[in-house]
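Novice: Single-letter residue listing:
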Amino acid sequence: MRPFSYDRATSPERAAGMLVGTGSDAGSVQGRTPAEYLAGGTTLLDLMKLDVMQPARLVDIGGLVGRYGDIAIDDRGLHLGALVKMSTAADHSGIRDHYPVIAQSLTLAASAQLRNMATLGGNVLQRTRCNYFRDTSWSACNKRNPGSGCAALDGVNRQHAVLGTSTDCIATYPGDFAQALLALDATLDVAGAAGGARTMRFADLHRPPGATPNVETALKPGEVITGFHVPAAPWTRRSLYLKVRDRQSYEFALASAAVALDMDGEVVRQARIALGGVAAVPWRAREAEAALTGKRLDEAAATAAARLAFAGAVARQHNGYKIALGQKTVVRALLQAATLEI
Amino acid sequence: MPDYDDREARAFVSRRRFIGVTASTAALPLVGGPARAETAETAAAPVDPSAPVDMTLRINGERHRLGLDVRTTLLDALRDHVGLTGSKKGCDHGQCGACTVHVDGERVLSCLTLAVAVGDREVTTIEGLARADAPLHPMQQAFVDNDAFQCGYCTPGQIMSAIGCVKEGHADNDDAIREYMSGNLCRCAAYPNIVAAVRQAKAQMGG
Amino acid sequence: MVDAAPAPKANMGQPIPRYDARQKVTGSAMYSSDVALPDTAYAYLVSSGIAKGRIRSFDLRSAKSVPGVLDVLTHETMHDAVRHLKFMTEGGPASNTVVPLGSADIAYGGQTIAVVLANTYEAARDAAHRIVVDYEIDTPSATFGSPGAVDQELATQNKKHEDPKVGDFASAFASAPVKVDVSYSTPTQHHNPIELFSTQCVWNGAQLTVYEPSQNVFGIKNGLAAQLGISPDQVRVISRFIGGAFGSKGSLTQRTAIVAVAARKLGRPVKLVATRDQGFTIATYRAETRQTVKLGAGRDGRLLALSHEGSEVTSRPDPYAVAGTDASIRMYACPNIASNVTIVRADRSTPGFMRAPAETPYFFALESAMDELAVALDMDPVELRRVNDTMHEPIKGLPYTSRSLMTCFDQAAAAFGWSKRTKAPGSMRDGDWLVGWGCATSAYPTQMAPASARVRLFPDGTARVETASHEIGNGIYTIAAQTAAERLGLPVEKITVMLGDTVLPPAPVSGGSITAASVCSAIAQACDAIRAKLSNNGTPAVDLVKLMSERGLGAVEDYAEWTPHGAQKGALGMLYKGAAAPTGGTRLTDRIQFAFGAQFVEVRVHARTREIRVPRIVGAFAAGRILNPRTARSQFMGGMIWGIGSALHEETAIDTNAARYVNTNLADYLVPVNADVVDVDVIMVPEEDHLVNPIGVKGIGEIGIVGTSAAVANAVYHATGQRVRDLPLRIDSLVAGS
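Chains as they are written, first to last, in the working numbering: chain A, 1 to 342; chain B, 1 to 207; chain C, 1 to 738.
Check the hints yourself; a few may be wrong.
Below, simulated DMTMM-like cross-link-like pairs (lysine to aspartate or glutamate); rule was C-alpha separation at most 25 Å, straight line [claimed, not checked]:
| hint | chain 1 | residue 1 | chain 2 | residue 2 |
| --- | --- | --- | --- | --- |
| 1 | A | Lys49 | B | Glu106 |
| 2 | C | Lys569 | C | Glu90 |
| 3 | C | Lys423 | C | Asp181 |
| 4 | A | Lys49 | C | Asp71 |
| 5 | C | Lys265 | C | Asp59 |
| 6 | C | Lys265 | C | Asp39 |
| 7 | C | Lys494 | B | Asp145 |
| 8 | B | Lys167 | A | Asp91 |
| 9 | A | Lys49 | C | Asp134 |
| 10 | C | Lys165 | C | Asp300 |
| 11 | A | Lys49 | C | Asp59 |
Non-contacting residues of chain C with respect to chain B, defined by C-beta distances greater than 10 Å in every case (computed) [to be verified]:
| hint | residue |
| --- | --- |
| 12 | Asp138 |
| 13 | Met406 |
| 14 | Asn537 |
| 15 | Ala607 |
Keep in mind the hints are simulated off the structure, nothing from the lab.
A virtual CB, placed ideally from N, CA and C, is assigned to each residue, including glycine.
Produce the entire structure from the sequences given, and follow the hints as far as they go.
Specialist: Next comes the structure, spelled out in structure tokens:
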């Protein structure tokens, strides 16, 4: 861990000001950024210890929880402050009842201790678990060191993505909560320097790796996520998060699906599907959703939709199973959601 | 009991803590004071980030004034600078739970917590549960009764996590205990006994 | 009574709570890295980023510029500070003969190539990350089938190894009515005790004290002295509590000498706590194997021919192999047996002992093949074991001292409800979950080594037991106290036990499940000698304390040295050199001695997504006298859960291009978590065996893991009809069939 100066932010404007010209991703070369925000710290300190991230300055925004730590549910939907702890949102009865996919995605992530620490804003920005990225002794990693290559392409890639990858990076987006937000058409609020604030679609937050896997999000330099808004919709209650993994708990997904359905009897009015564990970024399966609209949700329809979701999948040596697994995960999640008692 | 090592150790630690505090006179203000630069470009120049930072930690009801490298985690502060070695380092990356402590009553991982970021929040470690020769906390006693450990290394973290599990209301049944205790690896694999211990202690804690 | 403390059955001691329980639940048990030494400097290792080649040069400028950095040791500055030692199989103490920081050559990925010394841990870590190494890179060989890897017959590399055989396997197999000919593989695995590998060294003049978690403090003392060219008398090794070991702390590894040299150089104590990642290459590991089992049987299930061939990966310099055929081919009656073990030399660190080193991989193959044979015969797998049960091992016809295999099968089967099993694969579905039941044989050789102990009885009715054994979670503090209490006729709380320090009488390595039998035999011998010293005219004394006060004695002490049946000449001397070789098991000329067990597993495999869960496991074990049913149950249970992990989770993945491990952390090297373990039923089957040793103890630390992975795989076959022969069993290989 490189030395850094440490400051506590007393206001979001001040926090953003401290990071002007820096940003979390822009200009990141070999992980060396002038400054980073510190919230729960569960990703940042982890990667700083590994020397993957080397900020010269930390701006601790944990103290802003009074302003960005609220959960509110009203007619328009669900509002989540960015500094809400994962555990708080996971255990919130309103979220469990009305937005179960959100609560489940959080409950099934990490461990109780980590959920007590990590914030929702930090959660969506967690970085890939690709071992070649996390271990600086591997020289080839385009995400960590642009232009250096990708050791995972012909390395151990059982955990790696089959959707949304590029020839420069096949790292998997590791989170769970993001898929729930994506499936429910969430937006996020962002604060920037000099009081500048904006709202963006959650679907626009993560950037596919393409030729620049080091650029992971659309946040501008100094911007900080302040909250999420999940619009009220007919499908939010009939929603669930299915996470498939080797062990029962405390593991990142091999494949996961956030699904939400608006049903007219056995017929789908609208479906929402987002995939995790299989893609480079939180992955919305729009073709699969469209294929289900107006269909009776049975095994055949779910299987056909799942096939569409993985139509563009590209496998490497060890992750081909994710194409079959991902489809079965979608089928299982859809059929389970269809039969939910709500 | 091999307790003579402990006495040696405590004598050494108190000396180290003293050194730590005297060194802290060179510390910097924590919150953007006048000596602190406002932008990243100027921040690097005049400030020596390796200089010790003055901080006061509230641990098990006592205040500890320390001068520490700003990079020091709460876990390393406890173990190497305060002399509370009950909290264990098993991975240093939030993957095992051996370092679990309570901060303001919530179970968290001290290995992924910067000491300087703890501020004035109250830290409780395994040493804060029962004083020497005093009766054990019901969770500690339940771990003894149910043989909920073998080597004992993950045990302080398990116990701190288990108390959190009960207080959070996540110990209503064995399935919940198993799930909400899954952040604490036990390589000796005392898991069924840990579940039994949490069940026993929950009844006594009124959880 | 809680589940954890089962009521003792015949030939079992009391399930008293652990002697060290309070220390362990209050955080006051002092593990090696908990010991605080004054003015400590911190060490941080730098590991090789390549697996084969040479270091051309280091750029240490940035590292040395970090405030607080004291020194950086490399092969250039160490010179020949550490001497070369011989490998274990050549009679030396080294588990890895690459000399620590001995040269510019890189023999394996993760090899320690430098160590940073600094005033703080933070500075040492920072500086270590700044070191730039210029390598000359050679193409490494990673594992089986890698270009450049060299296959060798083990017998040509280790003179002590032979490949046992009997009869004429080839003809018998050719003519057998029912045959199984199958190949299996097991992966690289790492012990990953939760305690990190640490070493603290402090010199007081010429005297060196080492605090290191160890399963063999005398081994470190003597080996380190030889490495440093000093007398063993100058080295004291202290290891009061060990935070899990499982074999990883049984050998002298490279870090100890490096830290010792660093402490001497700096003239102050040096503390190393290696990272989890470094732990994958600075200690040993369970090497990957490939095995072929051929079974020929009559239609009645009786084995006519059995062949077991294994191949194991090892390092270039050291011919390590576990050669589990030695045990596996002796499990069942069979007139025609062949076996063979080969090794594959690759650019890897030297593997080593890991819980049931030989039996874990080799019984996966044997017991999976037995299940495949049962399927081929359309026979109940329990009955297949029954018809092939034997009281004599098949190679030389030596008698088992005791063998309760089928009692274990019958008791475990009854507890499990095996009779309710329907035979057809996939026939026991529960909703979306496919249910499968499987079973397997467990066995582990009963071994012992010489041990010594000092027992001192005081007139106030207290006693003190001293032996340099190791508390690795095995409960040795507890059973040592119980043994002394029983033999001296004192309440157990009156016994003080001192362990884990080379100033104490030597005990052998705490491995191979030998500790209870060896150390408690020595303690019992010392107690009996005290009783004899206090006896009146040859009549054994009853109330020793009363006699002492009557005679006005201050203390009565005995120093006992115990040697097991079959120990080689000079074995006791080797004990003091930290090299006491275990004997027993299959090594005896007059008999064979094993503990046996049977395990039954229920798996649930999701019909669509193929996650495998183990909601239920029952194990029955017969292992002679059980000293404490509480600590014993925990050990059996821990072994069984290790078996589940070994079957379903544990694999150290190697990048075959780089010959380096990839998942070197606890988020990616998966071990079972609490939620993976639901219902574990341990049945301790009473067994008396007065031949193995005077106290009748067989040893239980390892048998719990043996066969478990086969039982899981057999259950997965029963659930899905898919036979998986490569561990770990994961979704990857099952999902295509769903």
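Novice: Now tell me, hint by hint, if it's right for this structure.
Specialist: Quick rundown of the hints versus the structure:
Of the supplied pair hints, the one linking Lys49/A and Glu106/B holds, its CA atoms being roughly 24 Å apart against a limit of 25 Å. A hinted pair counts as satisfied when its Cα atoms are at most 25 Å apart, and Lys569/C with Glu90/C qualifies at roughly 18 Å. Restraint check for Lys423/C and Asp181/C: satisfied, since their Cα atoms lie roughly 22 Å apart, inside the 25 Å limit. Taken as a hint, the Lys49/A and Asp71/C pair is honoured in the structure, with Cα atoms around 21 Å apart against an allowance of 25 Å.
Between Lys265/C and Asp59/C, the direct Cα distance comes to roughly 21 Å. Compliance with the 25 Å bound is thereby established for this hinted pair. With a C-alpha separation of about 14 Å, the suggested pairing of Lys265/C with Asp39/C holds against the 25 Å cut-off. For the hint linking Lys494/C to Asp145/B, the alpha-carbon distance of about 20 Å falls within 25 Å, and the restraint holds. For the suggested pair Lys167/B and Asp91/A, the alpha carbons sit about 13 Å apart, so the restraint of at most 25 Å is met.
The hinted pair formed by Lys49/A and Asp134/C meets the criterion: a straight-line CA distance of about 23 Å does not exceed 25 Å. For the given pair, Lys165/C sits about 23 Å from Asp300/C by alpha-carbon distance, which is consistent with the 25 Å threshold. For the hint pairing Lys49/A with Asp59/C, the CA-to-CA distance comes to about 21 Å; that is within 25 Å, so the pair holds. Listed as a non-interface residue, Asp138/C keeps its Cβ farther than 10 Å from every Cβ of chain B; the least gap is roughly 32 Å.
Listed as outside the interface, Met406/C is consistent with that label: its C-beta sits roughly 27 Å from the nearest C-beta of chain B, beyond the 10 Å cut-off. No beta-carbon of chain B is positioned within 10 Å of the beta-carbon of Asn537/C; the least distance is around 38 Å. The claim that Ala607/C is not at the interface with chain B holds, since no C-beta of that chain comes within 10 Å of its own (minimum 21 Å).
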